[in-house]
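K.L.:
So you can see what is in the structure, the chains are spelled out below.
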Amino acid sequence: MLGLTKKDFSLFILVVALTLLAPIILNPFPVNSSLGQTFNAGYPALLQRFAIFGILVVGFNILFGLTGYLSFGHAAFLGVGSYAAVWMFKLLSFNIIPAIVLSVVVAGLFSVVIGYVSLRRSGIYFSILTLAFAQMSYALAYSVLTPLTNGETGLQVYPSDPQVLASVGAPSAPHIFGLPMAQSATWSGGGWVFTFEVGYYLCALMLILAFYLSIRIFRSPFGMMLRAIKSNQTRMNYTGLNAKPYMLRAFIISGMYAGLAGGLLAAMDPLTGAERMYWTASGEIVVMAILGGVGTLIGPVVGSGVIKYLENIVSKINDNVLHSALRALPDGLENFLVNIIHPFVGEGWHLTLGLLFMVVVIFLPGGLVQGGQKLGAMFNRQSGNTTAAERDAARQTPSKPAE
Amino acid sequence: MDAIILQILNGLDKGSAYALIALGLTLIFGTLGVVNFAHGALFMIGAFCAVTMQRLLTLSHTVIDPSQTDFLGNPLQTKVPYLASIIGADGAQALIAWAVPLSIILVIPVMLFVGWAIERGLIKHFYKRPHADQILVTFGLAIVLQEIIRAVYGANPIQSPAPPMFSGSIDLGQYLGFQANAIVYPIWRLVYFGFSTLIIGAVFAFLQFTTFGMVVRAGMADRETVGMLGIDIDKRFTLMFGLAAAVAGLAGAMYAPIVSPNYHMGMDFLVLSFVVVVVGGMGSLPGAVFAGFLLGILQGFASMNEVKAILPGIDQIVIYLVAIIILLTRPRGLMGRVGVMED
Amino acid sequence: MGILEVKGINKRFGGLQALGDVNLSIVENTVHAIIGPNGAGKSTLLNVLVGKLIPDSGSVMFDNQSVLGRKPFEIAQMGISRVFQTPEIFADLSVMENVLIPCFAKRDGSFRMHAIEPVRHEREIARQAEAMLDEVNMLSKADVIASSLSRGDKRRLEMAMCLVQEPRLMLLDEPTAGMARADTENTIALLKDIRTKRGITMVIIEHDMQVVFSLADRITVMAQGTPLVEGSPDQIKVDPKVREAYLGETQV
Numbered sequence: 001m002l003g004l005t006k007k008d009f010s011l012f013i014l015v016v017a018l019t020l021l022a023p024i025i026l027n028p029f030p031v032n033s034s035l036g037q038t039f040n041a042g043y044p045a046l047l048q049r050f051a052i053f054g055i056l057v058v059g060f061n062i063l064f065g066l067t068g069y070l071s072f073g074h075a076a077f078l079g080v081g082s083y084a085a086v087w088m089f090k091l092l093s094f095n096i097i098p099a100i101v102l103s104v105v106v107a108g109l110f111s112v113v114i115g116y117v118s119l120r121r122s123g124i125y126f127s128i129l130t131l132a133f134a135q136m137s138y139a140l141a142y143s144v145l146t147p148l149t150n151g152e153t154g155l156q157v158y159p160s161d162p163q164v165l166a167s168v169g170a171p172s173a174p175h176i177f178g179l180p181m182a183q184s185a186t187w188s189g190g191g192w193v194f195t196f197e198v199g200y201y202l203c204a205l206m207l208i209l210a211f212y213l214s215i216r217i218f219r220s221p222f223g224m225m226l227r228a229i230k231s232n233q234t235r236m237n238y239t240g241l242n243a244k245p246y247m248l249r250a251f252i253i254s255g256m257y258a259g260l261a262g263g264l265l266a267a268m269d270p271l272t273g274a275e276r277m278y279w280t281a282s283g284e285i286v287v288m289a290i291l292g293g294v295g296t297l298i299g300p301v302v303g304s305g306v307i308k309y310l311e312n313i314v315s316k317i318n319d320n321v322l323h324s325a326l327r328a329l330p331d332g333l334e335n336f337l338v339n340i341i342h343p344f345v346g347e348g349w350h351l352t353l354g355l356l357f358m359v360v361v362i363f364l365p366g367g368l369v370q371g372g373q374k375l376g377a378m379f380n381r382q383s384g385n386t387t388a389a390e391r392d393a394a395r396q397t398p399s400k401p402a403e
Numbered sequence: 001m002d003a004i005i006l007q008i009l010n011g012l013d014k015g016s017a018y019a020l021i022a023l024g025l026t027l028i029f030g031t032l033g034v035v036n037f038a039h040g041a042l043f044m045i046g047a048f049c050a051v052t053m054q055r056l057l058t059l060s061h062t063v064i065d066p067s068q069t070d071f072l073g074n075p076l077q078t079k080v081p082y083l084a085s086i087i088g089a090d091g092a093q094a095l096i097a098w099a100v101p102l103s104i105i106l107v108i109p110v111m112l113f114v115g116w117a118i119e120r121g122l123i124k125h126f127y128k129r130p131h132a133d134q135i136l137v138t139f140g141l142a143i144v145l146q147e148i149i150r151a152v153y154g155a156n157p158i159q160s161p162a163p164p165m166f167s168g169s170i171d172l173g174q175y176l177g178f179q180a181n182a183i184v185y186p187i188w189r190l191v192y193f194g195f196s197t198l199i200i201g202a203v204f205a206f207l208q209f210t211t212f213g214m215v216v217r218a219g220m221a222d223r224e225t226v227g228m229l230g231i232d233i234d235k236r237f238t239l240m241f242g243l244a245a246a247v248a249g250l251a252g253a254m255y256a257p258i259v260s261p262n263y264h265m266g267m268d269f270l271v272l273s274f275v276v277v278v279v280g281g282m283g284s285l286p287g288a289v290f291a292g293f294l295l296g297i298l299q300g301f302a303s304m305n306e307v308k309a310i311l312p313g314i315d316q317i318v319i320y321l322v323a324i325i326i327l328l329t330r331p332r333g334l335m336g337r338v339g340v341m342e343d
Numbered sequence: 001m002g003i004l005e006v007k008g009i010n011k012r013f014g015g016l017q018a019l020g021d022v023n024l025s026i027v028e029n030t031v032h033a034i035i036g037p038n039g040a041g042k043s044t045l046l047n048v049l050v051g052k053l054i055p056d057s058g059s060v061m062f063d064n065q066s067v068l069g070r071k072p073f074e075i076a077q078m079g080i081s082r083v084f085q086t087p088e089i090f091a092d093l094s095v096m097e098n099v100l101i102p103c104f105a106k107r108d109g110s111f112r113m114h115a116i117e118p119v120r121h122e123r124e125i126a127r128q129a130e131a132m133l134d135e136v137n138m139l140s141k142a143d144v145i146a147s148s149l150s151r152g153d154k155r156r157l158e159m160a161m162c163l164v165q166e167p168r169l170m171l172l173d174e175p176t177a178g179m180a181r182a183d184t185e186n187t188i189a190l191l192k193d194i195r196t197k198r199g200i201t202m203v204i205i206e207h208d209m210q211v212v213f214s215l216a217d218r219i220t221v222m223a224q225g226t227p228l229v230e231g232s233p234d235q236i237k238v239d240p241k242v243r244e245a246y247l248g249e250t251q252v
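Residue numbers (our numbering), protein chains in the order written: chain A, 1 to 403; chain B, 1 to 343; chain C, 1 to 252.
Derived from the structure by calculation, the hints contain no laboratory data.
Just to be clear, a hint being listed does not mean it is correct.
[Stated by the list, open to error] With a straight-line Cα cutoff of 27 Å, these simulated BS3-like cross-link-like pairs (lysine-lysine) come out:
#, chain 1, residue 1, chain 2, residue 2
1, A, 7, C, 141
2, C, 71, C, 52
3, B, 124, A, 374
4, C, 197, C, 141
5, C, 106, A, 244
6, C, 197, A, 244
7, B, 128, A, 374
8, C, 192, A, 244
9, A, 6, C, 154
10, B, 128, C, 154
11, A, 374, C, 141
Next comes chain A alone, as it looks inside the complex (with noise of 0.2 Å):
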């Protein structure tokens, strides 16, 4: 069905199911309960950043995943999309259709660039190229170009902005025809709110199409050439295939991914700031990835989610948290594990993302999705047939990398 086979289908509709349910499914919890006010994460401004996360890493995942070649300054397609939308904003209006246009066709052409160069080399070369180039758009956006970004203020929209196509009566934020990003509605029952937020839908639509497109690009040639480069070249070129042009595309299609993700987050708050580009927020999106299970299609879905979730969640608690959820231990015992659990909690969130990151990279280089598959294939020979599940697994254990 739409010309995915049957197990696509199934993973497709999963992830329209999810992400349409996700102001639901992300709040379990009544909403003044102290288990809600932890672990609830179905409000609007996180959902959207899920979504939107979620677009960035599975774009980076069609280079990475399928190529082998590491970026390491992706945030900067990310940073240009985000420029460009609010530039639209200023200058036409705050309907975020142009500016969506606009941010996906800027770090298309920003990717050109970029990509043309960088993948003159490949290996370390590739990632270092490309983590200097974004350094550069940083160091840049911060400096020379600060008519353009605003420097270290931030691009924002102010009132004597032309806005030239803004229509009298119109939202003087973000809105898609007349529609607020803002706009939301709310349905409660029995201590339960659940939040439908134009905002989040609309970039719930842009995930769902982004990942429907990455799954027809892994199942089409482009996509199978795409892993024979992370393969072997060598063969590569000896079959008469130009490997070029092939990484050229899959770079910028993955660098307009990132420009949708950027466009998107300022159609959700319409500023952004040169810090978006600065390398560690590459670094972010590579931990993703890597987290999910890179080269797997539900991975940078999963690796996305569980990040911005438990970032969420591992910032917020403190230790009169701990304290309250480790109450029914005996003092001693309990401030003691407070005290242990302590650093790597709120302020400590990067700590355990940090330690979390270098587990996955050590035990489980094929990340979440790999080691669901493992324990999946684990059940399956106990039952007696080890098949298709088995078969994936050991389809994306990650290869040596091309160099």
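Following the hints, put chains B and C in place on chain A, whose structure we already have.
P.N.:
Using the frame of chain A, we list chains B and C on its own:
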């Protein structure tokens, strides 16, 4: 002319730090074949060793002096460093002022240990994994190390002054025959430059004149052959990692008076040092040193107002620009050997 | 006029003359073996033929077109396939995909953006690939990941990948090196089969005399970067110069 000399001097201290970090990166890459994204974190840990030294020296106990009262009428409480009770107040004062240089005796054992632990505990298992995996795991390690430092020392930069003797600036121009105040330069930066030259010299001498160094150099040239000679390279490589860590740590500790140590300083230096390694030539030690100073000085020149007037913003990007041009036109770097990681 | 004409090739590496005035004419529909002791320049010559090395002087014409200065993928598109000493296959992909990729390369050229239609909709290509796998008796392993194949199967897969492109010339670099006797026999049988069924011109570089003498129509013996003698297997067997330079060390 004086302006040019001043820019060269301005480039020297940054260039020294780049050169020292790049030297360690190259040693690790050349011998172990590992791309170490955690090297900046080692530099940062070194800087925090200086902070720690300062704190150790100023560890105090409270003394109650009943003969005096504070403004509330209570007996006056003063904090007195333990050190003062051992060697007297003046001696303690002097030692505390010299905390940064003194931290060297702390840096070396700490960094050797950290290096040893990282190599044995982590890197060892990644020799045979692809470069991308090495980059990823050391990147994760860098995050962990910097977050540990933040958890312990907080997020704010911590001032670590140079000894009074070396603080302040001198008018170098006068010695060189320029008019007064033409070339005024902070003394500590000169000290830093001298110190790094010393370290670089020591590393090269070590590699040149010791048997250990000979084996390492041979290993850098051809790992397999040396392995076939029956020399246990692995053990030496552990020490190599420790040495590279110590160099980075020393570079960081002595840099503390120039940039107040903060938990993310390592990352800032790492990216630039990688660029330095690439420009110098992956696996070339002289290349790393040369490129470190070259890029530091280039950055100095690019910050000149005259240059910025023609090419605005060039100071921000000159290093990356040079790296991109080098990678595209001469992939093995300025001094890299033919065929080493040229692809 | 041969399908591949090599004229006056010279190549120096620093002070070392790797190839000195190499002339070679490969006749269409023959198997031409190049033999010689280690360091005779066989591999260098092969690298020149596939565009990996550019010689200092001389010309290489394939079907009246120069191959010099062309990239390996362009030379492959001209109809020259290469089989490597250690099989170069797409180890992370399935056996089927390994054969599909050359099918696409043959139909679509060195690059085509076809990122939306799934691979499985390309029925004609799939048929070609299946037929090819059937021919080398590997159809039952179509879904296996290539890295888990035996050495002999990897070799057969690589051959299949080359053959499915219907090359006009195949270059084989020691196709049986490091193989067990049984695998060598199989490979010889496979090559003979290809020869009789498809009539593809082959250039084989080989150490194993059994392989050479059971396959080759013509043999060129190289020594120190230059062809020493060329002739039919029977001529080569009795040539005193060859015996002196090479065969003397080997039991034929």
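K.L.:
Checked against the structure, which of the hints given earlier come out wrong?
P.N.:
6, 8, 9
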